[in-house]
Amino acid sequence: MLSLRLHKPWHELAESELVEESTATGVYQLADEEGRIVDIGYAGARSRFGLREVLEQCLTQSSRPLKYRVEVNHNYLSRFRELLLVHRYDYGELPVEVSRRGIDVHGRLNPS
Amino acid sequence: MDVTMSDEQRALVDGVRRFVREQIVPLEDDLDPDESRLDAATHTKLAAQVDQMGLRNLDLPEEFGGPGIDVTTRTLLAIEMSQHRAGLYSPCFDVFGGGGLVALSNATEDQKERYLYPTARGEMSGCFALTEPSGGSDPARSIRTRAVRDGDEWVIDGSKTFISMADEADYAIVFARTGEADSGRAGITCFIADTGAPGFHVRRIIHTLRSGHSATEIDFSGLRVPDANRVGAVGEGFAQLNERLSMNRIPYSAACIGVAVKAQQMAIDWAKSRSVHGRLLSEQQGIAWMLVDNELDIRNATLMVLHAADRADRGLPFRTEAAAAKIIATEGASRVVDRSIQIHGGMGVTKDLPLERWYRELRIRRIGEGPTEVQRMIISRELLGKPYKFFL
Chain A
1 MLSLRLHKPW HELAESELVE ESTATGVYQL ADEEGRIVDI GYAGARSRFG
51 LREVLEQCLT QSSRPLKYRV EVNHNYLSRF RELLLVHRYD YGELPVEVSR
101 RGIDVHGRLN PS
Chain B
1 MDVTMSDEQR ALVDGVRRFV REQIVPLEDD LDPDESRLDA ATHTKLAAQV
51 DQMGLRNLDL PEEFGGPGID VTTRTLLAIE MSQHRAGLYS PCFDVFGGGG
101 LVALSNATED QKERYLYPTA RGEMSGCFAL TEPSGGSDPA RSIRTRAVRD
151 GDEWVIDGSK TFISMADEAD YAIVFARTGE ADSGRAGITC FIADTGAPGF
201 HVRRIIHTLR SGHSATEIDF SGLRVPDANR VGAVGEGFAQ LNERLSMNRI
251 PYSAACIGVA VKAQQMAIDW AKSRSVHGRL LSEQQGIAWM LVDNELDIRN
301 ATLMVLHAAD RADRGLPFRT EAAAAKIIAT EGASRVVDRS IQIHGGMGVT
351 KDLPLERWYR ELRIRRIGEG PTEVQRMIIS RELLGKPYKF FL
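Residue numbers (the working numbering), protein chains in the order written: chain A, 1 to 112; chain B, 1 to 392.
Hint data in this document are derived by calculation from the structure and do not stem from the laboratory. C-beta atoms are modelled at their ideal positions from N, C-alpha and C, and glycine is treated no differently. The reader is advised that the hints may include incorrect statements.
A few chain B residues facing chain A, derived, Cβ under 10 Å [what the hints assert, rightly or not]: (1) L46; (2) Q49; (3) V50; (4) Q52; (5) F200; (6) V202; (7) D219; (8) Q240; (9) N242; (10) L245.
Construct all of the structure, not just a fragment, from the sequences and the given hints.
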């Protein structure tokens, strides 16, 4: 069974790391220096260079040091939704950047 | 059986076809290729248009506020409604509404007031909780979720799997065993459970070939459901279920045909415009015959599905015909999309075209609502259970 929560290694959100990043579709998380997850997103089939391109945009828009981790996944839409619901179960709210983008997600998960 | 459309059917089919082409297909240019839902504002706007067409809640009987169309017309509309990228599992992004409402036809008036009518108005949503980890093809024997009477309530314990949209639904239609473990089909009862109640847990999303639409795994631990939420008599859940499953196989099969028709249109357009070795693909016999095979599959499936729908409309037994239609439509449409991908070459497997999504999603169609093998068992019981006679 797939893990509900992401357990991939964290990397610095920096050009030197992103150069090696996958160009496939998938999901990602961003965390601040304290390790708080501040954003969850995905690279879909409409992105030209997948996760690498989307994370490069995150780097451009970010004004503070961040870490990121990814999961290459063709089911990026349902996985994105799952990560949001699990985050809300764990922390009682969506990540701050997700809320700032106006994304809301209807529904609930109660993982044991 | 008459396979020509009446003037009224033609007008409805033309209206829905225009709606799909003018309102639905253009939206998909800006959506993710795997998207299955629209933003709320667009959904509300389109649902209002469907209301004006008089076609909201297609599967709801007229006495409960549905449009009151017969099964044959419903089938013809289902063929049209699925002719877009998301159309197989989210025909017209569900703006026609009413999916699953037929399961509440046997509800009491009080239950209809609390669940069916709010759902029909778009104020609530439900999910259908049947399949269990112990199996989905033989619910009479495989249902292990138990409901035990406790005064005016039932206490439900167990688990379900592959339940679409349970994470978003307000209520679930739950089938649980109320008889002994070996009670078979006589021991199943149907309940309506509120998904927000203590003891109702959506444990995870199950990721499948349908990447934009989630199935879930749920469990019940001491879930209390009032007896007022029992649908039908104790032990009669399986009979209700059988009726619902057989009827649903008809529009379910019709949606596969719609996708096949669209794939065939794309394959023909491509074959008439693409040249290989100095000749159009359409001028090469190997390709032309693939298009002919597509057409045979489409017409075969259409006639089978309309035959089942016609019997349902005339009040004749249609379980065997619906089973046959389900096999022919799901397998035939899978072949049509597969050939259409082959004709398109490399383009066929890209997300630039909808073919790869239909290819993935049609694979599920051969399992969902009873796999091909179960449909064959239904037909074989009819064939072998009484003296053989020609079906017409």
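Each hint tested on the structure:
no.	hint	in the structure
1	L46	18 Å, violated
2	Q49	23 Å, violated
3	V50	21 Å, violated
4	Q52	26 Å, violated
5	F200	8 Å, holds
6	V202	5 Å, holds
7	D219	8 Å, holds
8	Q240	27 Å, violated
9	N242	30 Å, violated
10	L245	25 Å, violated
Checked against the numbered hints given earlier, this structure breaks hints 1, 2, 3, 4, 8, 9 and 10; the rest are met.
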